[in-house]
Amino acid sequence: QVHLQESGPGLVKPSETLPLTCAVSGFSISNGYFWGWIRQPPGKGLEWIASIYHSGTIYYNPSLKSRVTLAVDTSKNHVSLKLSSVTAADTAVYYCARPSGAVLLPFEYWGQGVLVTVSS
Amino acid sequence: QAALTQPPSVSGAIGQRVTISCTGSSSNIGAGYDVHWYQQLPGTAPKLLISDNSNRPSGVPDRFSGSKSGTSASLAITGLQADDEADYHCQSYDSSLTGVVFGGGTKLTVL
Numbered sequence: 002q003v004h005l006q007e008s009g010p011g012l013v014k015p016s017e018t019l020p021l022t023c024a025v026s027g028f029s030i031s032n033g034y035f036w037g038w039i040r041q042p043p044g045k046g047l048e049w050i051a052s053i054y055h056s057g058t059i060y061y062n063p064s065l066k067s068r069v070t071l072a073v074d075t076s077k078n079h080v081s082l083k084l085s086s087v088t089a090a091d092t093a094v095y096y097c098a099r100p101s102g103a104v105l106l107p108f109e110y111w112g113q114g115v116l117v118t119v120s121s
Numbered sequence: 709q710a711a712l713t714q715p716p717s718v719s720g721a722i723g724q725r726v727t728i729s730c731t732g733s734s735s736n737i738g739a740g741y742d743v744h745w746y747q748q749l750p751g752t753a754p755k756l757l758i759s760d761n762s763n764r765p766s767g768v769p770d771r772f773s774g775s776k777s778g779t780s781a782s783l784a785i786t787g788l789q790a791d792d793e794a795d796y797h798c799q800s801y802d803s804s805l806t807g808v809v810f811g812g813g814t815k816l817t818v819l
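Chains as they are written, first to last, in our numbering: chain A, 2 to 121; chain B, 709 to 819.
Extracted from the complex, chain B is given alone in its bound form:
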């Protein structure tokens, strides 16, 4: 069982806004550790989408945004496009495990 909890799937129509939650605990997100998000297109390696809770690496459209509060974080995608259809993974550090933790991943379906 993943240390970070994500919904298995979300969906939205083209042009709409969706959010993906990532719930942790007092030993990871709640302890102040940063949350990072990755996008994984089918058959490819993950790609860094959001770093340090809300920073977009160069080249990532501003349709993607991240936030963090308490023991949870969220990824928001506005203006959904067909090629946003992918798996999205959150990641953080856990002090109890003394290591890196991932969420279980969320499959985004664009209707």
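Here chain A stands alone, though its shape is the one from the complex:
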């Protein structure tokens, strides 16, 4: 069974870079599939951030592309996200997710999410 677990700092100061990690168990990232990041501001809807294929191909949300860095670490079997120059608008629960097949969508497997607050 595929299990995803996000981890991050919880609190980040404005203008800093937010680092997040998605640890994957029950599946080897080197076997393929896209890995997506989605966020949800408190009380709001879901927003897709980006998706990365194990080989490095990345699809980005155009509105976030300039601030997003994605990477896959097959040795640690995890996916990482860095979001730079954060503001209060980046306060959200951040989820990582994996599709059911070797396609971009839909997201069948989700982590439990990690709440990140941007505040000084």
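Label pairs and their in silico Cβ distance ranges:
hint, chain 1, residue 1, chain 2, residue 2, range
1, B, SER717, A, GLY57, 37 to 45 Å
2, A, LYS66, B, ARG771, 37 to 45 Å
3, B, GLN724, A, SER31, 46 to 54 Å
4, A, PRO20, B, LEU749, 22 to 30 Å
5, A, ALA89, B, SER717, 23 to 31 Å
6, A, GLY57, B, ALA784, 39 to 47 Å
7, B, ARG771, A, PRO20, 39 to 47 Å
8, B, PRO750, A, THR18, 28 to 36 Å
9, A, SER76, B, ALA721, 49 to 57 Å
10, B, ALA784, A, SER120, 38 to 46 Å
Here are the computed lysine to any residue pairs in the SDA-like style, where the Cα-Cα straight-line distance is at most 20 Å:
hint, chain 1, residue 1, chain 2, residue 2
11, A, LYS45, B, LYS815
12, A, LYS45, B, GLU793
13, A, LYS45, B, GLN748
Where chain B lies over chain A, by a calculated footprint (3+ residues, C-beta under 8 Å):
hint, stretch
14, 60 to 68
15, 105 to 116
Since the hints were made in silico from the structure, they are not lab data. Small disclaimer: the values here were computed from a predicted structure and weren't measured. We put the beta carbon where it would ideally sit given N, CA and C, even for glycine.
Knowing the structure of chain A, use the given hints to seat chain B on it.
Relative to the frame of chain A, chain B by itself:
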């Protein structure tokens, strides 16, 4: 503003049928891209409810069904139950944005 438009809220009595619409455009749903639906119970991660417009993943009751026509899609829930009370999100791909788009989400209240 979300690329896909959903009503902010819908409600229905126990046992009734409700539908949730998801309206897109010619660059996403209208372009033929599949629509997927997620159920998000309070305080939890979204759960895949309907894939590829109308397919139910294993374990999803047949009370839930999806359809798509033109630039819109719909999620129907029959025989409403109290534990159906949740947020429902539609999702697709957009060729203009070259990426994934979500609707704004719909809160279902079971009366």
